[in-house]
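Visitor: Sequence:
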Amino acid sequence: MNNREFSEQPEQTANFKNRKKEYKFNIRGLIFAAFNKKITRPSRFFCSEFVKYILEFGKVDVSKIPEVVQPEHLLLINGLEVEYEGLLKDYK
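At position 79 of the sequence shown the residue is numbered 62 (my numbering), and the sequence of numbers has no breaks.
Hints are not guaranteed to be accurate.
[Said to hold, decoys possible] What follows is a list of derived Cβ distance ranges for each label pair:
(1) Glu50 - Asp73: 27 to 33 angstroms
(2) Asp73 - Thr23: 30 to 36 angstroms
(3) Leu71 - Thr23: 23 to 29 angstroms
(4) Lys4 - Gly62: 16 to 22 angstroms
(5) Gly62 - Asn(-2): 30 to 36 angstroms
(6) Gly69 - Pro25: 29 to 35 angstroms
None of these hints come from the bench; they were simulated from the model. Where a beta carbon is used, it is the ideal one built from N, C-alpha and C, also for glycine.
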């Protein structure tokens, strides 16, 4: 990812924030993902699905990530580092 692509990441996430009423959590997708089944619903994402979408938008090569993405699959992306591991409530 070059500097321009990296700088566009906050822009895309801000777009989601500005249009947050249009987007919902994809609970069905999350349940289907537990059974390794893909269900696509317009304007709906579960967490790792959202992260994959944002990375794709930023031109990050996500070709190693399966269609049904789970958090551990994000570790397959070359050049990314784990920033934090643990409970979100403990993140500072």
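Visitor: Against the structure shown, which of the earlier numbered hints fail to hold, in ascending order?
Guide: 4 and 5
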